[in-house]
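Asks: Assemble the whole structure, with the sequences as input and the hints as a guide.
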Amino acid sequence: MTELAVSAWGQPFFHNAVLAGTFIALAAGLVGYFLVLRAQIFTGDALSHVAFTGAMAALAGGYDLRLGLFVGCVAAGLLLAGIGRSGRADDVVIGSAFAWILGLGSFFLTLYTTSRSGAMGGAGTTVLFGSIFGLSTGQTLVAVLVAVAISAVVLLIARPLLFATVDESVAAARGVPVRVLGFGFLALVGACAGEATQAVGSLLLLGLLAAPAGAAIRLTDRPFRALALSGGLAVAELWAGLAASALIPSLPPSFAIMAAATAVYGATFLIRPQRAPLGTASPAAG
Amino acid sequence: MNPITGTPAAVTATRPETAPPAPTRAETPQPVLELRGAAARVGGRTLWSGVDLTVRAGEFVAVLGPNGVGKSTMVKVLLGVLPAAAGEVRVLGGQPGQSAGARIGYLPQRRSFDPSLRIRGLDVVRLGLDGDRWGVPLPFGAARRRDRERVAEAVDLVGAGAYAHRPIGQCSGGEQQRLLIAQALVRRPEVLLLDEPLDSLDLPNQSAVAALIGRICHQQGVAVVMVAHDVNPILHHLDRVVYLAEGGAVAGTPAEVITSETLTRLYRSPVEVLRTADGRLVVVGQPEAPSTHGGHHAAV
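As given, the protein sequences belong to chains R and P, one line each in that order. All letters in the first sequence, in the order written, are residues 1 to 286 by UniProt numbering. All letters in the second sequence, in the order written, are residues 1 to 300 by UniProt numbering.
Derived by calculation from the structure, the hints in this document are not laboratory data. One or more of the hints may lead you astray.
[To be verified] Here are the computed distance ranges between Cβ atoms for each label pair:
| no. | chain 1 | residue 1 | chain 2 | residue 2 | range |
| --- | --- | --- | --- | --- | --- |
| 1 | R | I41 | P | P270 | 24 to 30 Å |
| 2 | P | G87 | R | V148 | 49 to 55 Å |
| 3 | P | G93 | R | G175 | 17 to 23 Å |
Ideal placement from N, C-alpha and C gives every residue a C-beta, glycine not left out.
Replies: Here it is in structure tokens:
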């Protein structure tokens, strides 16, 4: 066991995983904070369907999987922003559309595996559950650069975005470009979903987006402290997951990362009992 | 049509606040807001027209009228969000919207915060100070201390010190409204535009918040334009009212405007203004939903 851990520790694939994972988690934690604050977690769920289909479509068309991932997620993010507040589509429409999108993904998967005679038969599983230990050096570099860019943009728009989220009408009167920020933010969420899919897979990306942010919001009521904490928790949880996965080879990294994220979120319910819990807070009325 | 059923004590309690309209900033202050023959049109329909109004520093003006007449549109015109369809509108000596940033405080129609929103009242007030700036605030430096002092000053002004550090979702409606007024005041604006700030507050909170706005207006020399559903909670603090009607408007002191003769002429249908023993006004026969009765908290 120790030998295995030591050997994993020294392998380039593990270094790549730590390097890419750190920045991917940071971006996911920062974006996730605003996603939770804006009550748009459902968007993350939608994007996990799109991520799979986009990646499969790119593979079937003979392109790099990540191209489909980013194009699909960013386009879907912008589309959701467009539907968003103005013309709110009802639940049945959204549910059917996403089921159809996922079905389309399985169509592309079949198309890909039959036409390319199983050259990369595990592609479906790779996208669904992630393959952070399978990143090449080149893929790692791209992942790091994209994640750094996402994090930088989130920090740049953090304050006006917070204003627009908490108090949209006053922010708009103050000259904050509320609509542009809304669109831009969901495009960022799309890019972040594409990134997170490489780390934990499209099915599990919601955990990396929602759990650290949810925990941070439970731990502090100061917005910028919560933003930093959300990013920090996401990185720490990813490290813990990778370490656990390296020590116990039967643990897949995606599972270990999700387990760490869920454990931290669950633990926030145990501490701080003196503050009124979210569910039972009396509604603010007159 | 509806008699007033609110508690009269709530209004009489605020009577000592009736300060003279003497502005505190200068002897002959420049008009802060000036409307000459102003009109508003939305979707091809003229909402109101012929509004002549001059507001100086330290004056408290209420915008009254039936539902749907375009009271909130008046605030939008003053903010520069909607251009006036006719006439001239000058805000702080310039076109509306030119100096919307620091010099105008704006409190939109009541919005309540989700009970689960875990952001402190202080942070919401703080957003009024620097929420439109890019980047994240630095956690150190002289600017940070100055900003914190400004926020604390605004919170003190509205008397929200006891609960400003609590998540705003857990504050009561009256507490949230005071914090939002602090947010509108935090840049020390010269004009405060308030859109139905007393709506959805209970009667004691209505008169307390009205007294607070009156005090800020007269003591700090801030010009206040307030859209109101019910004139009674603010009647004793007011210097001027604007009554809007479809296609017309009247402006003047409450005693001049809120009378049977003036309102009958404005609405071209019989309107009766009754004065109760404690000084409350009841407007009867106004077209559409009456707007100066006891409000939907009393009896609708």
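Asks: What are the numbers of the hints the structure violates, in ascending order?
Replies: 1
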